Structures are given as structure tokens and as C-alpha cells.
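**Q** Single-letter residue listing:
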Amino acid sequence: MTKSRNGTAIDGYRRQFLKTAALGGVALGGAGLLAAKAPAAEGTEASSLIPPPMLVQGKPVASPPYGAPSEFERNVVRLANDRTPTPFSSWSFTPLQDLHGSITPNGLFYERNHNGVPAINPDHHGILIHGLVERPLLFSMDDLMKFPSISRIYFLECSGNSSSEFTKPSADIRWSHGLLSCAEWTGVPLAALLQEAGIRPEGKWILAEGADAAAMTRSIPIEKAMDDALIAFAQNGERLRAEQGYPVRLLLPGYEGNMSVKWLRRLKVGNAPFMTREETSKYTGLLPDGHSSQFNFVMEAKSVITRPAAGGTISGGPGLIQISGLAWSGSGKIKQVDVTVDGGRSWHLATLDVPILSKALTRFRMPWRWDGSPAIIASRVTDESGYVQPTREALLAARGPQFHYHYNAIAPWKIDAGGKVTNVYAAGA
Amino acid sequence: MSMPPVRSLTVIVSVIGFLSGPTVTAPSQETAKETAKSPGAQQRLGIGQTPTDELIKAWNIDIAPDGTNLPSGAGSVAQGQKIFADTCAACHGEHGTEGPMDRLVGGRGTLDTKKPIMTVGSYWPYATTLYDYIHRAMPLTAPQSLSADQVYAVTAYILSLNRIIPDDAVLDRNSLPKIKMPNRDGFEHTEAPRGADCMTNCTPLDPQK
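Listed in order, the protein sequences are those of chains L and Y. By the working numbering, the letter at position 34 of the first sequence is numbered 34, and the numbering carries on one by one without gaps. By the working numbering, the letter at position 40 of the second sequence is numbered 40, and the numbering carries on one by one without gaps.
Mixed in with the good hints, there may be bad ones.
In silico EDC-like cross-links for lysine to aspartate or glutamate, where the CA-CA straight-line distance does not exceed 16 Å [unchecked claim]:
1) K180/Y with D66/Y
2) K82/Y with D168/Y
3) K115/Y with D289/L
4) K282/L with D102/Y
5) K82/Y with D149/Y
6) K204/L with E223/L
7) K168/L with E393/L
8) K59/L with E71/L
9) K82/Y with D66/Y
10) K114/Y with D289/L
11) K282/L with E188/Y
12) K420/L with D371/L
Partner residues are not named here, just some residues of chain Y that face chain L (Cβ under 10 Å, in silico) [unchecked claim]:
13) Q43
14) I56
15) T87
16) K114
17) K115
18) Y133
19) V170
20) G186
21) H189
Everything labelled a hint here was simulated from the structure, so no lab data went into it. Here the structure is a predicted model, which means the values were calculated and not measured. No residue lacks a Cβ here, since even glycine has one placed at the ideal position from N, Cα and C.
Bound-form chain Y, shown alone (with noise of 0.2 Å):
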């Protein structure tokens, strides 16, 4: 995974000029990463306390994209058609497309068009990210209040709205994180478009003009 190079921010002070006001002395706006490099900050301070293991696996509620973190349990299609109805039909819809709140099935082959739908379909990259959601925040009046197995299920059933897994599978650790997303190559990092600094006789603002 490559990254956008993040700006070093070691220039401490320096004069700047402007054409039309004063000139300035900017004043000194030391880095946290100076600070953190101060010789009292060379060794370890000795503050915190050390977590239990009881508390990490409580905390530790993230899955990665390979899987990793995902607990025991499993749940099928049919259960997360029953779980989906009684606890996110009301925001997302009967067949997950109706809103009020996020669209989550359809929109294949939409993304390149002037209308495109935005779904965990037809958008989103990695199925284990539903997982992490939907356990850590959903339904949004009662986050983490769905067990493994119902988390699978709803997992399941969202997927196979969307016709990426068929209506009877089942979905568990090992399962899950071997699911293909449709957008899992959609993604990329490009740069800001850059602006022109002229000053006179310049195009105008106003596209009607």
C-alpha cells in the first residue's frame, strides 16, 4: 500500500515578504516531533499502566481486510434475511436500496456513469469492512448489540442482496475475508489539480461571462 508523502514540517522560522504589507518575522511553531525529540523525551517516562489481557480483547474490536480478529460463529442468508427485516429494514429499506439511510445493494456498473450508486455492492472494497461496521456501529440506536452470529448473518444476507454470494451460504471467519468485493481494485490515490497565479488579463470567474 503506498501512501501520499507526508510534508516534513521542520522549518521552524523564516522571514516572509509580502508585496503589499509588512514584513514578518513568523514566529517559532515548534513540531510535536521536536518536542518529542527534546533530550527529557529521549527515554521512556515510565507513565501508563500496563492493560490487562482481559481489556485488549474487549477493545480490540477491529478486523482487518485478511480477516485477522474475526471471532467464532457463523450465520446464514436466511438468518440475516430475518435479522435484517426486525433491525435495519426501518433505515435501509426491505431490499436495502429504499433509504432513508445508506443505500446498500445495486448499483453495479454505475460508478463511471453520471448517476452513480454507491453501495457495499457496487463500492466497497473488502467484505470484512462490513463486518467491522456493522458490529461496531450498527443499528446506529444500538451499536454493538448483535451478537457473531447475527453480525455473519446480516453480513451474508447484505452480500448475497447484492449477488455476490448465493442465498445459501453461510459466513464465518474463514469464509468471509475469501469473499471477492466487485470494487476491490477501484482504488487509487491521485493529487489535487493545481491553480494558475495570474494576476492581469486573466480568464474570467463568472462561466457566463
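Next up, chain L with everything else stripped away, as it sits in the complex (with noise of 0.2 Å):
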């Protein structure tokens, strides 16, 4: 019936599908197809050369109701790290090196948790806002829906976002880049729920606190929640995904990821940084003079190549690449991307993605006609401040080996004559 007229199809199809892309002369690919009209595929029943899939009726709509990727795209997930001693105060890391465009798909997008992702019902949750304020004030889900909204596209990275690098680094883009995600976020600026609250003079700093099992806390300066901090209950037009801080969360533009409380239930005003363990014992940078450097906020600007990137391999041999990458700023908008295929050497200016909009991702790009020779490939972002991304180098000179925490440095990619890219720095690489 169907089924088996759709196997015998299929395998036909495979069968004239091989042929024609080994006579065409490349790997397995789009090219196969369209050889496929040349002399090759003479003496070839035609109907084996029609694609199996416009034989049979496909599936119906809403095949499942909530839609799911290809089948053909499963490989596409992030990356748990296994090296944590517990998943449950860990991260996941999400696949640069498979997506496109600047936004990440709220499935892939990368995951901090300092004791895992709890299940909270929105009916039974609010946010409270007390200390230094007029009046104290609970918003409950449906008190937070009567406050006119925004949406705004901001990117998230997490404070240890290649911290690899700084001692031992990575030869795969996944962990040393993976902590990186962009997406369109709703919800009600900070600012317009401090107003109903009523913050007094001696109000200089807020306490974030979440529900979940770690009541994760960070201090906030109040400049930056009256500025562009977001309450958001919302990430690229659906509600927040359970990990990424359902029912609502604090977002601060700019700001290192774990400053943007997940699952947010609490904001105290006070007069001084209340001095949590996650803004003093972890997310400070240890200095070599043994000093630290505390409230380290902006997440500087940074770039990385994500096609080709460390891991992977440039399949096909020689010829035209289509180098592509991402470059953001917590500073503001990005001016300006070089991309290096000599090792840095000489540096050339890649096209941008528009809209390039202030702290969020923008991504790059830049044909290369690769030789086949080894090469050293890389790019580097000015951000509209001025600010140039350091080298390596650099910013192991300013900050040490063991600041682990803001390495923003220039990655340089390795591709050897066979294709494989790996990174300069690693071991081996």
C-alpha cells in the first residue's frame, strides 16, 4: 500500500540519489540532485528520480499540537555539562554551531540553575516589593498583566561564558561558547512596579530573590532598574519556558545572566548591596595581586565564529566558505566586526545582520575562498562605545589566569588541511 510504496520509493530514490552525487563529484548534498539532470542520469526510470515525499499524502496539521523540529534536526540539542558534581547546580549549553540568525529557539536556549528548575503554579505566585520603599505592594500574575508591556530583544550570557579559556581551553565552540542565547523578551518594565511601590531617597540597591531552591539572590543598583531592567513573563511570543524562569523573571540588559533572577518572587529596596554568597564568594574575578574585582555588571563586548567553529569540520575540501558568526555588547549596540582568515595579520570588515539593536546579538558574516592550506581564522567587535575586544593575550595580562568569570578575548579557530577546525589555544590544537 502507501507505506510500501513509499519504502520501495524511498529506496529507489536513495539508490539514483548516491549515483547521481557521486557522479556529480561531491560529498552528499544539494549538488547530487541537480547532477542528477546531467548525462548521468541517463537510462534512469524517471519516476525513481522524483523525491519519495511528493508520492505520499505527509502528516496532518498540528502533527503534535505544540510543534517539534525535524526529524531530520534531533542532533540539534544543547549540551548538559556532566562535569558539575551535581546537574542540579549546573548548566546546559546551547549549539552555536548549529544556528542561524541571531535569535535562539527557547529549546536551545543555554540554562543556569544553582538547584534546579522548580514547578511553580502562576496562581500561587507573586512578587513581593518591600524594604526602603513608600509602600510595600504584591503582585500576583494577573496584577502584572495590567501594567502595560514591552517586548525588546536582548541577549543573555552567563557570567562564566568561556571560563575554559582562561586556564584550560576548550576544543569544542559547545563549552566554550555555549553560554550565550538571545531572545525577544515581554514584560513590564521594573521601573513602572518601583513606581507603584514608591522608592524613598535612601534607596540605592535592590535584592532580587527566586523561588526556586537556591532563593537565588543578587544585588541590583538602582540606576540600572530604573534604567532597562524588564520583569518578563514572556520569551520570543510564549511563555517562559520552566527553565528559564516560569512564571516571571528579572531581566537586566547587558548585565552577566545570573543577575537576571529566574523565577523572581522578591525585590528589597535597601541603601547598600546586601552582599549574597552569589556576589561575593562566586561571580567575582580573583585578581593575580590575590584582590578580586566585585560587581563586574556589563558583560563586555564580545565576538565569536560559529561556522566554521572548534569542533567541527569544513566538509566538501577547498573552496567557498561562508564564514558566519555572532558578536553582542552589554555596553550598547555593536559598530563593527573584523574577521581574520592569516592569523591576525590583517583584519577585514564582515557584513552585519540588520536590525542591530543595543544588547542583543547581531550576527556577522564574510565569504572566504579557502585554499586548503591551514589557516587561522577569527573576528573581532568594536562596539558603538569604542570598546575593542582584547586578545587573549590581553586580557590575561590585565586580569590573570584565574579571574574565571567576563573572558570576552578573540577566539581564534585552527582549520588544518583536512578541514578540521579546532581551537588555537587548546591542548593538542
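Build the complex: two chains, separate frames, hints provided.
**A** In C-alpha cells, the structure reads:
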């Protein structure tokens, strides 16, 4: 019946596809089909060159009701960190090497949880604002929806993204850069909530606390709270995923990811930083002289080539390569991205996708004709403030190897004659 | 406490030209600040409920560096030793040094060496943070399960292992904030280094070349 007919058709098609592709002299890919029009297809039954999906009905609508990626993209998933002592205080990496454009799909958004993902019923959830305010207030989720809300596109990057690069550079972009994602967030400006409660003049800092089993807490300067901070309840058009803070999270554009406290339940206004564990013993950078840099809020400008990327291979041999990557800055917009294909001796302006938004990922591209000889490629971003992404050498000279957080150096990838791509700094590269 | 400058984001529309790309007009990314200042938001909207004092008290669990909000109760090093063995040692080791989770003890004098050991004793600037964190988040499998007395006791034990308080110490809301941690003055704020925008004849990136 249909099934067996389809099966037979697929077998025949696959045989012809492989044959024509092989005769076309290229690896499996679209070119094989085009080559089928050449004499190689001579003597072939016409029906075996018709793609089988054209010969049978496809699936009905809403299969499944919540859509999922194609069955041929099942390997595009987050990579869970299996090197932490517990999976509950751990993180998972966004597969940057498999993504396109500048928006991260919700199911691939990186995670950093400090004691698991809670299941929170929105009907039982509220945000308390208290401390140095005129009137303490409790906002239910329904209350939140009464405020005028806005939607904005912002990246989130873990403070510890690329921390491997300080001391043990990773051979794989997933490990070295995957704690980075970007989404459109919808929510209420935090300033609007604070205005309802009325901040007293002595109120300078706000403690944000999560309703998770870590009761995650960070101190937020009042200037940031009144500037562009969001109380976000939706991401890329749908309500937040559980692991992104459902039903509501703080979103601090451009700031290190952990400050955008997920599962937000409490905002306490105070006159000084609260000195929580996550801003003293963690998320502070140890300098060579034994002092530490604290309150390193803004994620500095950074860029990385995601295709081709360390851990991958250029298939198909020498020829035209579409170099592509991501650039971002916690300080504002990207002004310029330069790409090198000769190990940093010379740099060339990359094309930037539009729109270029403040504190959002920007996709850059540069075509390159690879001649098949070993090469080192890298990208370097300049943001609108004039800040230029530093080299690893400059970063280590200023902050030392134990800083652990805010690694934003240029990431050079080495391509060998076989097309294998590695991190220049990784052991054995 | 000084803090880093927060960049003003009030530039709304700008025209950016790229040497190699098209000239684009960036779309408006109106800031939240401006929205909050719009006419409709100038006055209170009357949204939100007045929380009961009971709810505020129950949720208000953070402990300030000066000890504000510390509860009544007390705990000794000896009491803490037993609680630590039963509740904490499985993850932090019998002596607070073995792991697999964060090392809690030792490391004094190592922060400026090539192998710094960052622990409660060598790194944490405030003893009050220890109370705050143990109460809110420890143990991982049962956060907020320890009583105030128990949290004071475990805090005392960890500080005694680090030789910051004597073995016969008892901690409470008065004594805990008075403890000066060894790394209390170890924190500052530094700016990130900047790169150079060299385009030709630049220094190669590969350290081997």
C-alpha cells in the first residue's frame, strides 16, 4: 500500500541520489540532485528520480500540537554539563554551531540553575516589593498583566561563559561559548513596579530573589532597575519555559546572566549591596595580586565565529566558505566586526545582519575562498562605545588566569589541511 | 560602596554606516526607562495588593552584612560539629576540605599564588553571608530545613575550622556580625582590558607563530 510504495520509492530514490551525487563529484548534498539532470541520469526510470515525499500524503496539521524540529535535526540539542558534581547546580550549553540568525529557539536557550528547575503554579506566585519603599506591594501574575508591557530583544550570557579559556581552553565551541543566547522578551519595566511602591530617597540597591530551591539572590543597582530592567513573563512570543524562570523573571539587559534572577518572587529595596553569596564568594574575579574584582555587571563586547567552529569540520574540501558568527556587547550596539583568515595579521570588515539592536546578538558574515592550506580564522568586535574586543594575551595580562568570569577575548580557530577545526589555544591544537 | 557607571541608553535612533555593508537606519529600541516616563506612567496605576506583615516577615529572609534581620537563637561550635557531620559532610567532606562540592576550609594566604584556594575562610568577606546562604539554600536536598539555632551552630563550626573563631565560641545575632573575615578588604572593582583595532601588519594571534 502507501507505506510499501513509499518504502520502495525511497530505496530507489536513495540509490539514484547517491549515484548521481557520486558522479557529480561532490559529497552528499543538494548538488547531487542537480547533477541528476546531467547524462549521469541517462537510462534511469523517471519515477525513481521523483522525491518520495511527493508521492505520499504528509502528516495532518497539528502533528504534534506543539510543533517540534524536523526529525532530521534531532541532534541539534543543548549539551548538558556532565562535569559538575550535581546536575542541579549546573548548566547546559546552546549549540551555537548549529544555529542561524540571532534569535535562540526557546528549547535551545542555555541554562544555569543553582538548585534545579522549580515547578511554579502561576496562580500561586507573586512578586513582593518591600524594604525602603513608601508602600510594600504584592503583585500577582494577574496584577502584572495590568501594567503596560513591552517586548525587546536582548542577549543573555553567563558570567562564566568561556571560563574554560582562562586556563584549559576547550577544543569545542559548545564548551567554550555555549552559555550565550538571545531572545525577544516581553514584560513590564521594573521601573513601573517600583513607581507603584515608591522608592524612598535612601533606596540605592535592590535585592532580587528567586523562588527556586537556591533562593537565588543578587543586588541590583537602582540606576539599572530604573533604566532598562524588565520583569519578563514571555520569551520569543510564548510564556517563559520553566528553566528560564516561569512564570516570571528579572531581565537585566547586558548584565551577566545570573543577575537576571529567574522565578522572581521578591524585590527588597535597601541602601547598600546585600553581599549575597552570589556576589561575594561567586561571580567575583580573582586578580593576580590576590584582590578580587566585584560587581562586574556588564558583559563586555565579544564575538565568535560559529561557522566553521572549533569541534567541527569543513566538509567538501577547499572552496567557498561562508564564515558566520555572532557579536554582542552589554554596553550597547555593535559598531563593527573584523574577521581575519591569516591568524590576525590582517583583518577585514564583515557584513552585519540588521537590525543591529542594543544588547542583542548581531550576526556577522564574510565569504572566504579557502585554498585548502592550514589557516587561522577569528573575529573581533568593536561596540558603539569604541571598546575593542581584546586578545587572550591582553585579557590574561590584565586579569590573570584565575579571574574565571567575563572572558571576552578573541577566539581564533585553526583549520588544518583536512578541514578539521580546533581552538588555537586548546591542548593538542 | 562605589559602583560601576551605568551607561545611559537614551540614544534612540542613529544612522550607522558600515564601510563594507549597507547603510542602515537602526530601528527604535525605546528603553524601559522612557516607557516608565510616558504620561500614563507618571502617576500610580493602583495595581498590586498590600501584603500582610506576616507574609513580609516570612519572605524577608536575607541577612545584611551588619547583621540586620538575623533571628534570635544561638549555636555553638560543638553543636555545629554534629550537625555538620550529619547534614553537610556528605558533600563538603568531614573536614570541609574534601568535596566534592565547594571547599569550605583552608586556603589562607593562597589567593595571590598560582594555585589559589578559595574557601569561606580565605575568600568570603562577610560571616553574615554564611548564615544567609546556609539558611536559604543548604543542604541542597532540603533548603530552609535547618532551624535558626542549627544555622548559627553550623556557621560557628565552619568558622572555627577556619580558625576565625575559637572552638568554644557561641554565635548569635549579636556576635556573628562582629566577626571580621580575613578577606574582608579583598574586593574592589576593575574594568576589563580593551583591545586594539589594528587592520594590517598586526601581531599574530597564534602564540606559536
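**Q** Compare the structure with each hint and give your call.
**A** Outcome of the hint check:
no.: 1; hint: K180/Y with D66/Y; in the structure: 11 Å, holds
no.: 2; hint: K82/Y with D168/Y; in the structure: 14 Å, holds
no.: 3; hint: K115/Y with D289/L; in the structure: 12 Å, holds
no.: 4; hint: K282/L with D102/Y; in the structure: 11 Å, holds
no.: 5; hint: K82/Y with D149/Y; in the structure: 13 Å, holds
no.: 6; hint: K204/L with E223/L; in the structure: 8 Å, holds
no.: 7; hint: K168/L with E393/L; in the structure: 14 Å, holds
no.: 8; hint: K59/L with E71/L; in the structure: 13 Å, holds
no.: 9; hint: K82/Y with D66/Y; in the structure: 28 Å, violated
no.: 10; hint: K114/Y with D289/L; in the structure: 10 Å, holds
no.: 11; hint: K282/L with E188/Y; in the structure: 14 Å, holds
no.: 12; hint: K420/L with D371/L; in the structure: 14 Å, holds
no.: 13; hint: Q43; in the structure: 9 Å, holds
no.: 14; hint: I56; in the structure: 5 Å, holds
no.: 15; hint: T87; in the structure: 16 Å, violated
no.: 16; hint: K114; in the structure: 8 Å, holds
no.: 17; hint: K115; in the structure: 9 Å, holds
no.: 18; hint: Y133; in the structure: 4 Å, holds
no.: 19; hint: V170; in the structure: 23 Å, violated
no.: 20; hint: G186; in the structure: 6 Å, holds
no.: 21; hint: H189; in the structure: 6 Å, holds
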